[in-house]
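Chemist: Sequence:
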Amino acid sequence: MDFPYKGPHIHPVYVWGRINLLSNLLAVPFKARSLKLDAVIFQYFSPLFSHFKRIVFINDAIYRSHPEYFTLTERLYFLPIRFLARHAHRVCTISDAEKRRLVRYKFSKEELIDVIHLGVDRCFKARPAYDPIALAGVISTNRLPEKFLLYVGRLNARKNLPNLLKALALLKDGSIPLVLAGAYDWKMFDLSPLIGELGIGHRVIFTGFVEDRHLPALYSLAEIFCYVSFDEGFGLPPLEAMASGVPVVVANSGSLPETCGDAGNYVDPFDPTDIARAIDLLLADRALYEKQRNRGLERAGRFSWEESAGKLLTVCRETVPLPIPKT
Numbered sequence: 002m003d004f005p006y007k008g009p010h011i012h013p014v015y016v017w018g019r020i021n022l023l024s025n026l027l028a029v030p031f032k033a034r035s036l037k038l039d040a041v042i043f044q045y046f047s048p049l050f051s052h053f054k055r056i057v058f059i060n061d062a063i064y065r066s067h068p069e070y071f072t073l074t075e076r077l078y079f080l081p082i083r084f085l086a087r088h089a090h091r092v093c094t095i096s097d098a099e100k101r102r103l104v105r106y107k108f109s110k111e112e113l114i115d116v117i118h119l120g121v122d123r124c125f126k127a128r129p130a131y132d133p134i135a136l137a138g139v140i141s142t143n144r145l146p147e148k149f150l151l152y153v154g155r156l157n158a159r160k161n162l163p164n165l166l167k168a169l170a171l172l173k174d175g176s177i178p179l180v181l182a183g184a185y186d187w188k189m190f191d192l193s194p195l196i197g198e199l200g201i202g203h204r205v206i207f208t209g210f211v212e213d214r215h216l217p218a219l220y221s222l223a224e225i226f227c228y229v230s231f232d233e234g235f236g237l238p239p240l241e242a243m244a245s246g247v248p249v250v251v252a253n254s255g256s257l258p259e260t261c262g263d264a265g266n267y268v269d270p271f272d273p274t275d276i277a278r279a280i281d282l283l284l285a286d287r288a289l290y291e292k293q294r295n296r297g298l299e300r301a302g303r304f305s306w307e308e309s310a311g312k313l314l315t316v317c318r319e320t321v322p323l324p325i326p327k328t
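With the first letter of the sequence shown counted as 1, position 3 gets the number 4 in the numbering used here; the numbers rise by one all the way through.
It is possible that part of the hints are untrue.
DSBU-like, lysine-lysine: derived pairs with alpha carbons at most 30 Å apart [said to hold, decoys possible]:
| no. | residue 1 | residue 2 |
| --- | --- | --- |
| 1 | K312 | K37 |
| 2 | K126 | K292 |
| 3 | K126 | K32 |
| 4 | K32 | K292 |
| 5 | K37 | K110 |
| 6 | K167 | K292 |
| 7 | K126 | K110 |
| 8 | K54 | K126 |
| 9 | K126 | K312 |
| 10 | K7 | K32 |
| 11 | K37 | K54 |
| 12 | K7 | K292 |
What follows is a set of in silico ranges between Cβ atoms, one per label pair, in the way DEER data are often shown [said to hold, decoys possible]:
| no. | residue 1 | residue 2 | range |
| --- | --- | --- | --- |
| 13 | G262 | T315 | 16 to 26 Å |
| 14 | F50 | C317 | 44 to 54 Å |
| 15 | S193 | Y6 | 18 to 28 Å |
| 16 | L314 | A28 | 23 to 33 Å |
| 17 | D263 | L49 | 55 to 65 Å |
| 18 | E112 | S66 | 29 to 39 Å |
| 19 | Y6 | G197 | 40 to 50 Å |
| 20 | S66 | H203 | 46 to 56 Å |
| 21 | D286 | I134 | 29 to 39 Å |
Please keep in mind that the hints were generated in silico from the structure rather than gathered at the bench.
For glycine and all other residues, C-beta sits at the position ideal for the given N, C-alpha and C.
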């Protein structure tokens, strides 16, 4: 597949990348040297030595603070990240909360870590902006009800889906369903026994993996977006939901308050009763619902990929200062 972005200053160079760790340590530095590059941005794994400046982008280090959410194989694979990051010229991450984690676990010095928030794609928009026929197609493809709560993301233990399901069973509205959009991931147990125990089998809809082209419309169709994950490095799905004109119920921990600001309806992720309370409140109070919906649209408008790219370019320029022209 060809690189999707074109431009006069974009020159794709392809290297072997089947295993990110090995590619970053071996293939990329070799190619960068042949191209005489001044700086290279690496994802997670930075080589130890190079003739160029090394900038490593570490989305999160949740594997260090919460190893219980990762398999032994994953923890072993991630193990070199911290050691290698200590030798990088700069480290970038996606939230202030994540920067604090990197400092706490000594990935780098605080002054060498830059925060670059993620952006939200312009394809995410409120429901009235969509063609009704396109919306009907998404509804049909995913067998969606007229009104529903929504979760989008991987189905794993860190996402706290059991407590979300328990909250569903406690709602005053005993008919509204929950749509879980995503595929089962590592470190996740089967949710079916819990669903059966709670007696909510008729109210839980699994769509499986949803294609990117259908995802924006899916968000816009939801009544409320629920994301009560135990920990997040940033929390992109709630941001996408807010950009889609959907109020969000989110955990009061990790980076989610930083991402959602005053648009978030915050809950204790360990307390299903508190999760249910926040959902009930939004469903019952239309004025509050509209206020949080509008706050979400405004909040999401502050995040753009253009701004994220600009900040990353600033880091590059600061890492490799331009030569002072001779007078």
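Chemist: Broken hints, numbered, in rising order?
Modeler: Violated hints: 3, 4, 7, 8, 12, 14, 15, 17, 18 and 20; rest satisfied.
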